[in-house]
Every structure is written in structure tokens, then in C-alpha cells.
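Q: Letter by letter, the chains look like this.
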Amino acid sequence: MSETENKPEFIKNLIAQDPPPADKQQQHKEVLLKKIEHRMCMQKAVIIAIYTALFLVAFGAFMLREYTDNVVHSICWGTVSLHILLWSLVYILRGICMQMEELIEKKFDNDEKRRHKNQNLFLTIVAIMAFVLSSFLLYRSFFLTNALKAVQTAVSILWATIFFLIFYPFRTASLIGMLWFEYKKMELKIPKSEEQDLKSQTE
Amino acid sequence: MEQDNISNAILVLKCQKRDETAFREIVNRWEPRLYYYIRRIVENENDVWDILQETWLAVFQNIRKLEDPLKFPTWLYRIGHNKAVNLLRKENKYAQITTEQIANHYENNTTISVVKEQAELVHKLLGKLKLAHREIITLYFLEGFSINEMAQIIGVSEGTVKSRLYYAKHKLHEVLKGANDV
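Line by line, the protein sequences are chains H and F.
Per this note's numbering, the first sequence starts with residue 685, numbered consecutively.
Per this note's numbering, the second sequence starts with residue 24, numbered consecutively.
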């Protein structure tokens, strides 16, 4: 800190020597907030568009299942629709899990943070690999002639997705538990006198 | 001061969760200081407004990447500095800072005591300093940043910050002493 007396007043006085003109400041804020609002809307619109497109593709695949005469193709199209919908659900669950992770990460020291980051990176790589591999297997199963083989492939593909669908909610739940535990620890650390002060303030 | 830091950190956390009201509050809180700082680097007022606009948009875009909310002021000023310097570089006005001689062995023990009434004097003196020194001393007075923080904002070594700060403080000290004697 600089060795100044009455620092806040000094800063106030210093800024007052060259203040931003009020009209320009107002105009600048309006433009800025409009731009930010626009960006937020665009971000939301992009996300909505992506999910709508995914849903439409999945629905298209589901409809193709109805109209095809080939049993193998029917199984494969049905699996494609589920594959798309379930992986998009995995992505949403991962997003929720990451938000929880961000909250709890603030309590970690650097080593723990690094460990958590490495774990997440590993999981993401495994998930991407599972998605790519199952998509490839799904593509290949279109060329199968044996319906039984096609069903077996479809089930194994969906199992990989189900694993992540179960894993992420459990991880999110464990993170919520950790957060609750940290909160309780914080509560216990507050000395009695401070707690009473806080209570009297809220009353 | 501590409370200010905490409330600031809370606002940053809310901004990271895309809370528009918190962002508005942060802009209201920091804009006058940031304006004063950028105005000390860039002369043209219209350019200052453009830089402010770009700075806030960059803040909004990247605030989620800020890991420690308590480091928001340093981060904000660094973005502001980079935007201002980019503009000066386009106009070839930044060369004078980078080509200056750097001395790393200054003892940085000159202390300055200023009272609130001397703000006008400090402001006038800032105009007389070279850009590099003006920037350092503005950061020093406005936010009371440490040497390390100022080095991070400007993107130079701590030794460079020390030497610039020493020179600027020395000059300011002389002027303030003269003013007190009168």
C-alpha cells in the first residue's frame, strides 16, 4: 500500500481531477450493457440451437427406424437416436458436475487442485474415446447382416453411455456432500460470541 | 478495505455465474478508477472510451478463467493496460517506453506522505512525468499495488518497476517538499 494519509479521500480527490464526463459515461454504459446482453442472448441461442438440432437428428433417426424394412438397419437407427440423446444428456450432467467442482475447488490447496484437474482430464478423455469408439462401432454395425450381432453391438454401445449417465450424478452428489461438510466445518469454527453477534444482527 | 475486497470477490463470483446485476455493479465500482488510469496512458478521450469498452467486454468474456477473485483488480488493470498499449503500438507511440534505460539496483525506500488536499498537485505532476513513470505512479496511488502486482499488470520485471517507481517517487517527493516549504 502507498504511504498516504486519508487514502480513500485522496483517491476520490485524485479521480475528481479528471472525472469521466457524466453524459459520455452514461452513453458508454448503455452501449456496453446492450452489447453484453446481446452476447448473452447469442450464447443462449447457440446452445438452444445445438440442442434443438441434436434432438431433431435423434428424432429423424428414430423415424428412420420406423420406415426401414431391414431389421439390422432398424436396430441401428434406433441405437443412433438413443446414442445421440444419451450422450447429450451426459454432456449436460458433466456441465453440472463441473460447476460443483468449481465451487469446491476453491477450498483445495494447489496439490489437490492439480489432482482433481488431472482426474477430470482423464475422465473427459475416456468419455471422448468411448463416444468415438461407440460411434465407430455403430457405423460398422450398419453393414452387419446378422440381426443378433447388431443387437449385441447396440447393447454394448448403450452400456458405455449408461456408465457415464450413472457416474456423473454420483460424482455431483459426492461433491454436494463435500460442500455440505465444508459448510458444517465452517459453522463449527465460528466462535460462540461471533455467532451470537451474527444472530442479534439478523434479528 | 478488507470488507471492500470481500464484497468485490463476491461480485466477481456472481459475474462468473453470469449475473448481469453483479456485472453492472462491478462496472459502476471500477470504471472511474480505470478511466483515470487509462486516461494517463492515452491522451485522446474517444480512444479512452473505446479502450474501456474493449476492456469490459474482455472482462465479461474471460471472467470465468479468473481463478482467484481477490486478484480481480490486478487482472482488470492488466487487461486495460494491454488494450491501451495495443492502441499506442498501432500509433507507434509505445516505443519510448520500451527503449528507455532500465536500472535494476535502486533502493526503493523513498516514502511519500500525501494528504487528500494534495491530490490536485499530484494530478498536475503526473502530466509532467514520462509515460512509463506516469503509469507506475498512477497504479501506486490509485490502488496501492505491490511491486509484484504492478510488474504483472505492465508485463515488465520487478526491477524495472522498482526503478521507474523510484524515479517517479523521487520527482514527486521534490515537488511536494517544494510545495510544503512554500
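Don't read these hints as lab results, they were simulated from the structure.
For each residue, glycine too, the CB sits at the ideal point set by N, CA and C.
Don't take every hint at face value.
To be verified - Pairs of lysine-lysine residues, derived as DSSO-like cross-links and limited to a Cα-Cα distance of at most 27 Å, are as follows:
1. K801/H with K696/H
2. K790/H with K869/H
3. K200/F with K696/H
4. K696/H with K797/H
5. K88/F with K696/H
6. K868/H with K37/F
Stated by the list, open to error - Stretches of chain H that chain F covers, calculated by requiring three or more beta carbons in the stretch to come under 8 Å of a beta carbon on chain F:
7. 718-726
8. 772-782
9. 834-842
Q: Indicate, hint by hint, whether the structure satisfies it.
A: Here is how each hint holds up against the structure:
This hinted pair does not check out: K801/H and K696/H have alpha carbons roughly 43 Å apart, beyond 27 Å. Taking the CA atoms of K790/H and K869/H, the gap is near 15 Å; set against the 27 Å cutoff, the hint holds. Restraint check for K200/F and K696/H: satisfied, since their Cα atoms lie roughly 22 Å apart, inside the 27 Å limit. A C-alpha spacing of about 40 Å is found between K696/H and K797/H, which places the hinted pair above 27 Å, so the restraint is violated.
The straight-line distance between the Cα atoms of K88/F and K696/H is roughly 31 Å, outside the 27 Å bound, and the hint therefore fails. Our distance criterion of 27 Å between C-alpha atoms is met by K868/H and K37/F, whose separation comes to about 23 Å. Coverage of a stretch by a chain is defined here by at least three residues with a beta carbon nearer than 8 Å to that chain's beta carbons; for the segment 718-726 of chain H and chain F the count is 5, and the condition holds. Coverage of the segment 772-782 of chain H by chain F is violated [criterion: at least 3 residues with CB-CB distance below 8 Å; count 0].
Only when three residues or more bring their CB closer than 8 Å to a CB of chain F does the claim for the segment 834-842 of chain H stand; here the count is 0, and the claim is violated.
Hint check: violations occur at hints 1, 4, 5, 8 and 9; the rest are consistent with the structure.
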